[in-house]
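**Student:** In order, the protein sequences belong to chains A and B. Sequential numbering from 1 applies to the first sequence in the working numbering. Sequential numbering from 1001 applies to the second sequence in the working numbering.
Check each hint, because a few of them may be wrong.
As the list claims (entries may be wrong) - Straight-line alpha carbon distances no greater than 27 Å define the calculated DSSO-like cross-link-like pairs of lysine-lysine that follow:
1. K1141(B) with K179(A)
2. K1107(B) with K183(A)
3. K192(A) with K1089(B)
4. K1152(B) with K18(A)
5. K1089(B) with K1141(B)
6. K3(A) with K179(A)
7. K18(A) with K294(A)
8. K3(A) with K1027(B)
9. K3(A) with K18(A)
10. K1141(B) with K183(A)
11. K1027(B) with K183(A)
12. K1152(B) with K183(A)
13. K1107(B) with K179(A)
14. K1317(B) with K180(A)
Keep in mind that the hints were calculated from the coordinates and are not lab data.
Single-letter residue listing:
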Amino acid sequence: MNKLELSSLYQLTMVRFKLVLREPEAIFWIFVFPILLAVGLGIAFRNRPADVLPVGATTTQLAQALAADHGLKAMQVDEAQGAHALAVGDILLLAVARPDGVEYRYDDTNPDARNARLLADRAVQIAAGRHDAVAAQNELVHEVGSRYIDFVVPGLLGMNLMGSAMWGLGFAIVDGRQKKLLKRMVASPMPKWQYLAAFLLSRLVLLVIEVVVFLGFARLVFGVPFRGPLWQLGVVCVLTSLVFSALGLLVASRARTMEGVSGLMNLVMLPMWILSGVFFSASRFPNVVQPFVKALPLTAAIDAMRGNMLQGIALPHLAAQVAILLAWFFVPFVVSLRIFRWR
Amino acid sequence: MDSVSNLESVTSAARAGAPSLRIRGLKKAFADVLAVDGVDLEVERGECFGLLGPNGAGKTTTIEICEGLTEPDEGVVELLGLRWQTDAKELRQRIGIQLQESQFPDKLTVEEAVRLFRSFYRHGIAVDEIIRTAQLEEKRKARVGGLSGGQKQRLAMATALVGDPELLFLDEPTTGLDPQARRHLWDLVDELKRAGRTIILTTHYMDEAERLCDRVAIMDHGRVIALGTPQELIASIGGEEIVEFAVGAAKDLRLSATAEDVCPPILSTEKSRQDGAPSEDSFSSALAPERTRKDGARSGLGDSETTRVAIDPAVLKGIPGVQSHRVDAGVHQLSVSELHTAVPRIFAALEELGLHLSEFRTHSATLEDVFVRLTGRNLRDE
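Generate the whole structure from the sequences, applying the supplied hints.
**Tutor:** Following this line, the structure appears as structure tokens:
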């Protein structure tokens, strides 16, 4: 045996690594699932030509005026039909001819309906002979990096790193505790910290595969941009994985049953799935909760990844996020080392 | 490196002849249960020492305190002249442990598991050699999940041995194994004994303790109730042979004229199903023709229910050569010192009472009989 084979940290890490790779389900969740999710979202949110908005009008004249706008699709209805179509969502706006002009009926909390109102009014005014005071021209731009898929890829990456680290560690540790393997390990001369550190290290090995596969796919298929230095993105990924491994350790440090640890993990992860801006920007939440949202590790991780990939922000300017991540790594790791139940 | 030289001196002092294990006044309570209640033990180097007792006797708690996995409430534990409080790291390197219920991950191979444990020890035995010792060469690349119970136990032994321990703890190494796997594991322990290793094992199998252990401590309710070599313990109950019999008064016999003689010592009768356990004992098979002759006339006793008859113990204890008597489920047990003189007298006494035998067997006294004698209970009842 060479020196490396005699190192217990190396052996522990390799054992963990092999055990994960021998678990077919793990392979699916870690490598295949995020790609499927990205494909699904990429299809759902692909950039299409601007929608044509359906509207209704009570007179033929009015309908013709509306149909003249390319952004609108107009049909002629009577007032009762129109009210019904509006209620069930077949049309966004109903234009009713009045002796003294036109009345628009629409829902002003629906952005599409507000657009329809603007387009419809413009069409009606132009038909009535209005002329633009200023000549305007449009030039259409579809910028890479501003699409939804560009926004969601870093979110999915962060969510995936969180999930695989927490599930991977939590279940393996509780399983070892139930099967008295942990007790057997502490009955040997193995340094305890190495057992826990091996989990983090084997996660890092998997992380390389996981991140490269996922981001490579996103790059090749969707052309997602990488504007910041790649090595800095790597640093953020490693840090993220360490954070959630440490949280996984903490969650599993006392639990005796799979049910117990599953509940705890959901309790920890659920708020982050919702609040941390995986699928939509976290800035949508009220200002009161923003400090809390920003302090969550997944928010910090995803913000840092988006900053790097989409805006090309260098690591020193992401210091706040990095500091939050470091804190979320050290505190849970140290606490779990202290409270860990070995039997 | 002060600490290292310190350790060295402790080690050499330990080598100078401290016993492998010394326990004084050990006590441990869990909630309101006193699991270990004042245990003193000493195990010499090269000895195979057995902790024997029913489940819940405190064996596992005792051994886990020795292994440094459980803190005692009171008492002193010294292994190889060292203590857990001060020398835990050193001790972990020098002892080997096999735990009762530990399972290695199913998807790990035998070789990977052994290699992993080898990496924890500064010095140890080569992985190939330990796999050979544990007779797992064919299963080397097999995953743990596919091993039989016996192979899993041998793997557990391999991981306990791979650090070349001076002291080896085995907690119920054969519990749950089939007879063949048990014998296989015994052979392995024999080999370790021959190699001069100090072994401390727990078991609730009497035959295992008798077969493997140089000395045995019998535990019950957290205390050591007997200590010595298996031979000493067996001799201590007086008789070295055990006679077991049941008597019956068959119904047809009661109706016959001779049945009048039967009356005197009957205190109660109980109906019980004939166990009919065939005895493998060569001695009792030698007696078989005798049974046939006596019982043959009264239509097969072995296959029908008989009415068992209780006998006044004083009558039996009065038979010369009988040391003790007890009844368990209608079966009388006598410990006797000399089988060849006692058995005819027992037959004669029963004949005199007009009772006939429905079962009769003898065996050499075992540790089981010692336990029964000391506690009034069977080990396997627990």
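**Student:** Which of the numbered hints above does this structure break?
**Tutor:** Hint check: 5, 6, 7, 8, 14 fail, others pass.
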